[in-house]
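Top line first, the protein sequences correspond to chains G and S.
Numbers in the numbering used here are just positions in the first sequence, counted from 1, shifted up by 3.
Numbers in the numbering used here are just positions in the second sequence, counted from 1, shifted up by 27.
Since the hints were made in silico from the structure, they are not lab data.
Hints are not guaranteed to be accurate.
Some chain G residues near chain S, calculated using beta-carbon distances under 8 Å [unchecked claim]:
(1) K87
(2) F95
(3) G143
(4) W147
(5) R149
(6) Q363
(7) I367
(8) D398
(9) G502
If you want the footprint, here are the derived chain G segments under chain S, 3+ residues with CB under 8 Å [unchecked claim]:
(10) 268 to 278
(11) 351 to 361
(12) 515 to 522
A virtual CB, placed ideally from N, CA and C, is assigned to each residue, including glycine.
For reference, the chains in residue letters:
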Amino acid sequence: MAHSGRRDSPELPDFSLLKRLARDQLIYLLEQQHEVDKLYKVEYKPVFSTSDQLCFLIRPRIQAVKWIYVANADKAAGKFRRYKIIFTPQKFYACEAVLEEQGIFGDVTTDEWAFYLLPLDDDIISLELPEFFRDNFLAGDQRWVRTAGSALHLLHSLYGPFSKIYGIGRCSKMAYESWREQVEEGEQRSRQAEIGKVFLIDRDVDFVTPLCSQVVYEGLVDDIFRIKCGCVEFGPDVTSSDKGIKVMLNSQDKVFHEIRNEHFSNVFGFLSQKARNLQAAYDKRRGMDIKQMKTFVSEELKGLKQEHRLLSLHIGASESIMKKKTKQDFQELLKTEHSLLEGFEIRECFSFIEEHINRQVSMIESLRLLCLLSITENGESSLFKCCVKNSYGVDHLLTFANLRQLGLLVEQQPGETLTVMESKVGKLVNDKTAGKLTDAFSSLAKKSNFRALSRKLNLVPKSDEEYDLRVPRDMAYIFSGAYIPLSCKLVEQVLERDGWTGLEEVTRLLNGHEFSVTGKTTNSSAKNDGQRIILVMFLGGCTFSEISALRFLGRERGYKFIIVTTAITNSSRLMEALLENRV
Amino acid sequence: MMKSKTDEEDYWNSSKFKLKESKQAVNSIRRLVEEDDEDDVEKVSWSGEPVGSISWSVRETAASNQRTDRDPTFPKINANTPSVGKSNSGYSLSSLFKGKPKGGNFLSFTESLGSDSPVRLFAPELRKPKSEYKDYVSDWSPEETIKRMQQGKAVSLEKFRSLQDKLLLLDFAVSAHDGNVITAVTVLFRELESRQTALRHLIQYLSETDEQKLLLELLRALGRTEDAALLQYKEHLSIADENKRRDFLKSCLSLPFSAEDSAHVQNHFTLLERQIVIERGGKVEIFQKFPRRASILNMPLITTLYYCCFYHYTEPEGTYSSPLNIRQTFKISEKQYFVTALAARAKLKAWLDVDALFTSRNWLGFTRKKSPLSFQRVVDILQKNLAPTQVLQDYVALVDDAELRIGLAQKHKCHDIVINTYRDLRDRQLLLGYRGKVERGSAEERKIDELLNNPVRRWRGHLCHRRRVT
Numbered sequence: 004m005a006h007s008g009r010r011d012s013p014e015l016p017d018f019s020l021l022k023r024l025a026r027d028q029l030i031y032l033l034e035q036q037h038e039v040d041k042l043y044k045v046e047y048k049p050v051f052s053t054s055d056q057l058c059f060l061i062r063p064r065i066q067a068v069k070w071i072y073v074a075n076a077d078k079a080a081g082k083f084r085r086y087k088i089i090f091t092p093q094k095f096y097a098c099e100a101v102l103e104e105q106g107i108f109g110d111v112t113t114d115e116w117a118f119y120l121l122p123l124d125d126d127i128i129s130l131e132l133p134e135f136f137r138d139n140f141l142a143g144d145q146r147w148v149r150t151a152g153s154a155l156h157l158l159h160s161l162y163g164p165f166s167k168i169y170g171i172g173r174c175s176k177m178a179y180e181s182w183r184e185q186v187e188e189g190e191q192r193s194r195q196a197e198i199g200k201v202f203l204i205d206r207d208v209d210f211v212t213p214l215c216s217q218v219v220y221e222g223l224v225d226d227i228f229r230i231k232c233g234c235v236e237f238g239p240d241v242t243s244s245d246k247g248i249k250v251m252l253n254s255q256d257k258v259f260h261e262i263r264n265e266h267f268s269n270v271f272g273f274l275s276q277k278a279r280n281l282q283a284a285y286d287k288r289r290g291m292d293i294k295q296m297k298t299f300v301s302e303e304l305k306g307l308k309q310e311h312r313l314l315s316l317h318i319g320a321s322e323s324i325m326k327k328k329t330k331q332d333f334q335e336l337l338k339t340e341h342s343l344l345e346g347f348e349i350r351e352c353f354s355f356i357e358e359h360i361n362r363q364v365s366m367i368e369s370l371r372l373l374c375l376l377s378i379t380e381n382g383e384s385s386l387f388k389c390c391v392k393n394s395y396g397v398d399h400l401l402t403f404a405n406l407r408q409l410g411l412l413v414e415q416q417p418g419e420t421l422t423v424m425e426s427k428v429g430k431l432v433n434d435k436t437a438g439k440l441t442d443a444f445s446s447l448a449k450k451s452n453f454r455a456l457s458r459k460l461n462l463v464p465k466s467d468e469e470y471d472l473r474v475p476r477d478m479a480y481i482f483s484g485a486y487i488p489l490s491c492k493l494v495e496q497v498l499e500r501d502g503w504t505g506l507e508e509v510t511r512l513l514n515g516h517e518f519s520v521t522g523k524t525t526n527s528s529a530k531n532d533g534q535r536i537i538l539v540m541f542l543g544g545c546t547f548s549e550i551s552a553l554r555f556l557g558r559e560r561g562y563k564f565i566i567v568t569t570a571i572t573n574s575s576r577l578m579e580a581l582l583e584n585r586v
Numbered sequence: 028m029m030k031s032k033t034d035e036e037d038y039w040n041s042s043k044f045k046l047k048e049s050k051q052a053v054n055s056i057r058r059l060v061e062e063d064d065e066d067d068v069e070k071v072s073w074s075g076e077p078v079g080s081i082s083w084s085v086r087e088t089a090a091s092n093q094r095t096d097r098d099p100t101f102p103k104i105n106a107n108t109p110s111v112g113k114s115n116s117g118y119s120l121s122s123l124f125k126g127k128p129k130g131g132n133f134l135s136f137t138e139s140l141g142s143d144s145p146v147r148l149f150a151p152e153l154r155k156p157k158s159e160y161k162d163y164v165s166d167w168s169p170e171e172t173i174k175r176m177q178q179g180k181a182v183s184l185e186k187f188r189s190l191q192d193k194l195l196l197l198d199f200a201v202s203a204h205d206g207n208v209i210t211a212v213t214v215l216f217r218e219l220e221s222r223q224t225a226l227r228h229l230i231q232y233l234s235e236t237d238e239q240k241l242l243l244e245l246l247r248a249l250g251r252t253e254d255a256a257l258l259q260y261k262e263h264l265s266i267a268d269e270n271k272r273r274d275f276l277k278s279c280l281s282l283p284f285s286a287e288d289s290a291h292v293q294n295h296f297t298l299l300e301r302q303i304v305i306e307r308g309g310k311v312e313i314f315q316k317f318p319r320r321a322s323i324l325n326m327p328l329i330t331t332l333y334y335c336c337f338y339h340y341t342e343p344e345g346t347y348s349s350p351l352n353i354r355q356t357f358k359i360s361e362k363q364y365f366v367t368a369l370a371a372r373a374k375l376k377a378w379l380d381v382d383a384l385f386t387s388r389n390w391l392g393f394t395r396k397k398s399p400l401s402f403q404r405v406v407d408i409l410q411k412n413l414a415p416t417q418v419l420q421d422y423v424a425l426v427d428d429a430e431l432r433i434g435l436a437q438k439h440k441c442h443d444i445v446i447n448t449y450r451d452l453r454d455r456q457l458l459l460g461y462r463g464k465v466e467r468g469s470a471e472e473r474k475i476d477e478l479l480n481n482p483v484r485r486w487r488g489h490l491c492h493r494r495r496v497t
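Chain G extracted, bound-state conformation (with noise of 0.2 Å):
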């Protein structure tokens, strides 16, 4: 495992520079407020303190601007202290308008704190603003447009100069404008580009990759546990003591660093592998006389230990994780997802689903499906609408509507439903012939994109071929290999063919808004590493089973990827976003 990939695959740029700039400019605002000796989190609620001046550190969310004007109820109780806002990574007019409106305008001063890029880890930088989906795909609202530039800017001003920007998806249009703006308004320095190449997508683009469940180890973990800003909080139950653990998930990490691109079921494998070879580590000891001793202790047994622990860690949350999906029919749930992907025996997945949702399983898991089901085979029936708002309340319709306007859910219009068709045959022939049929009246009937684009740019593998998970032949055994991320074989594609031409077929199906400029080269080193080094920036979220993916694309070719996302997101996130059944 682990694989090394090609020889001469480029080094990655250091990006703990972005932290530093980040933690210096934070220190700068706190200092000058002087000594900041406490934090408090925002929250709807006042704020009690001696101090006689407070500080806020918030995102510039007009929600957010409230409560503070609850913590600040001083005014009314006539006792003057100073306040200070300190928005992340920018100030809106919006949030200053409230502020106006609550008449509090003049007793806060503001400030910025212009943080846009948070490492994550070696090869991905998050903009941690999950909010950016809902706002900027529901809403229609531009606010984060400028910031996603402005990130850009700022790799491309320590990291630049880009020599080539790929892109797909209106914001990611306006993202390159605002950013191409800011490299006009800024000062250019020439030198040798650490990273070369830069391709941007909307989240929009593809829906179908963050709505499949996640089989490769960090997007299950993922999945499952949760990871926030790289940490993950594991429970009692995969610690086996009485209480949990906060761990970071990067590349530090020895054991998860070779796990996390894996396809699950080669994770245990490895793990008890792994776990034998300590065991002979650990049985070096015996028949050591003292001197050889002393230096097992000082030089291997720390490293060990911390294996061991690890190790045991992971085993932990593997076992976790294989408790939970048993439990969940996951080998069923995946099936439907590979069937509802390959357009094949939609009628068990219609069941399945219906089934799902009658037993009132978890909401969010039923949206998705339900979701998928419309992207890939181009709208569901109304029926399975009735069934949702009867086991999950009928408030569902305002979410079905946000549904609607993504695109996401599209109801079939009564005439062309297929069910009706395709149960009349089904009783006469077998299902599998059924599954067939179903494909063959959905190619004619209605205009699938998905199936369309899966065709053309070959998304899903033929599956009479046996697919070995351990030695993955291309990008699609992220999803045991039944689908290519669509997101990712983009970036294949138009890498390959330096550019758009010769996919204008698969533009025109993703609604086009494609580009691709070529920057002025400033100095000869084109041919430099830096040129093999790609940051991939995903406008609205990205999973970590397309970072994975991308992982492997770059060992396969060579490349080194870095992945900007304005978040992490995963299935659950996505459809949590766009809930409406509360205040």
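Dock chain S against the given chain G, drawing on the hints supplied.
Relative to the frame of chain G, chain S by itself:
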């Protein structure tokens, strides 16, 4: 002597106009002068300083406020929706490669400046961005105004008072793709029916600031009545008192929903009304035996049905809390009703009720077990509710697929079924193997032994059997 009023106005207007012209002329001179200044300033800039220090990062934010008129390194692309008034230089292949080499010369000079250079102390003073000088002029074009807003600088919007000017400013904001600025301009002016992007920003702003009334008015004025209806319906979520909530839902019934949603809202109202009645109803002794964990109010329909199947199963169909009545009222599908009733009765371990759910009589009066969902699922539900083996095996036996049946039977230790299936398959080897899995000295073991020792029984050849375990 007296000039007529119109004349006078004409005079003033024209002179004002002239004034403006000359002002502009002066401005442009000023600009030229500044540009010279600027160049000087640029030369003493301090970009040679080690990246990463506090002052560097602070300066970096200041520097991004700088505006220089250098040639673009990257071409513009058209990221606009076509509705925008401003003609954006279209993205063409030729524009990709345009641009003359400039700006590289003095950079090396600035970089050669040591970080300890004393110039540094004065740098912030010197680096006053060019546009700052214009503060004294306060006559920015819409484009410049937007640019300044993007950079978070002071602007004066007094100039933009006519509708035309406002819309022009708005269009520039939209074409800058900066949501922050779009919202700012939009909120200030609110004249934007025809500007979709701006409109979306206003709607988002109003909903974030909880300006419900205004938002509803806006949506109605725009003819988006369905959206308005949904928005209004959403308000029920913040009403805690169930009676008030019910009344509110009732008032929602007349809203212009789509036909489908309208039916759902009607159901929502009926359901809550029903829940209030059920909640008020007497609590029979079963409530003492199985105390409820929560009230039924505001629960989904299926939860309500489950509740009624649990607590009110035997009530006559006429009562509000009877499961059959609920099924009728809300036209619950057979499958959905079945699954829910099954789960509820299984939870209570009322196996006779479970049995009755499946039993149907054909015209000859024979009973047989029928189910709208697969027996595999039924087994699943039953075993999740800890059904005893005797109950489970009845249903495992009904699973059609032999392989699946054996798998389930093994999993749930329904030995009889496994033994019978192997017997029917005439597979001695498998049966022999299974003998090791049953309890020693049990009835099952005896049964296997009987089968194995029966001299009349004919077994299949050892080589041709296949063993597949699901």
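Quick rundown of the hints versus the structure:
Here the hint on G/K87 is broken, as its CB sits about 16 Å from the closest CB of chain S, past 8 Å. At a threshold of 8 Å, the smallest CB-CB gap from G/F95 to chain S is about 5 Å, leaving the interface hint in force. Nearest Cβ of chain S to the Cβ of G/G143: about 4 Å, under the 8 Å cut. The hint holds. At its closest, the beta carbon of G/W147 sits 7 Å from a beta carbon of chain S; the interface hint therefore holds under the 8 Å criterion.
Proximity of G/R149 to chain S holds as hinted, the smallest CB-CB distance being about 5 Å (cut-off 8 Å). Against a cut-off of 8 Å between C-beta atoms, the interface hint on G/Q363 holds, since the closest Cβ of chain S lies about 6 Å away. Because the beta carbon of G/I367 sits about 15 Å from the nearest beta carbon in chain S, more than 8 Å, this interface hint is broken. At a threshold of 8 Å, the smallest CB-CB gap from G/D398 to chain S is about 7 Å, leaving the interface hint in force.
The closest approach between the C-beta of G/G502 and any C-beta of chain S is roughly 11 Å, which is over the 8 Å cut-off, so the hint fails. Residues of the stretch 268 to 278 of chain G with a Cβ under 8 Å from some Cβ of chain S number 0, which does not satisfy the need for three, so the listed coverage is violated. Given a C-beta distance limit of less than 8 Å, the hint that chain S covers the stretch 351 to 361 of chain G holds, as 3 residues qualify and 3 suffice. Coverage of the stretch 515 to 522 of chain G by chain S holds [criterion: at least 3 residues with CB-CB distance below 8 Å; count 4].
Of the numbered hints stated above, those contradicted by the structure are hints 1, 7, 9, 10, listed in ascending order.
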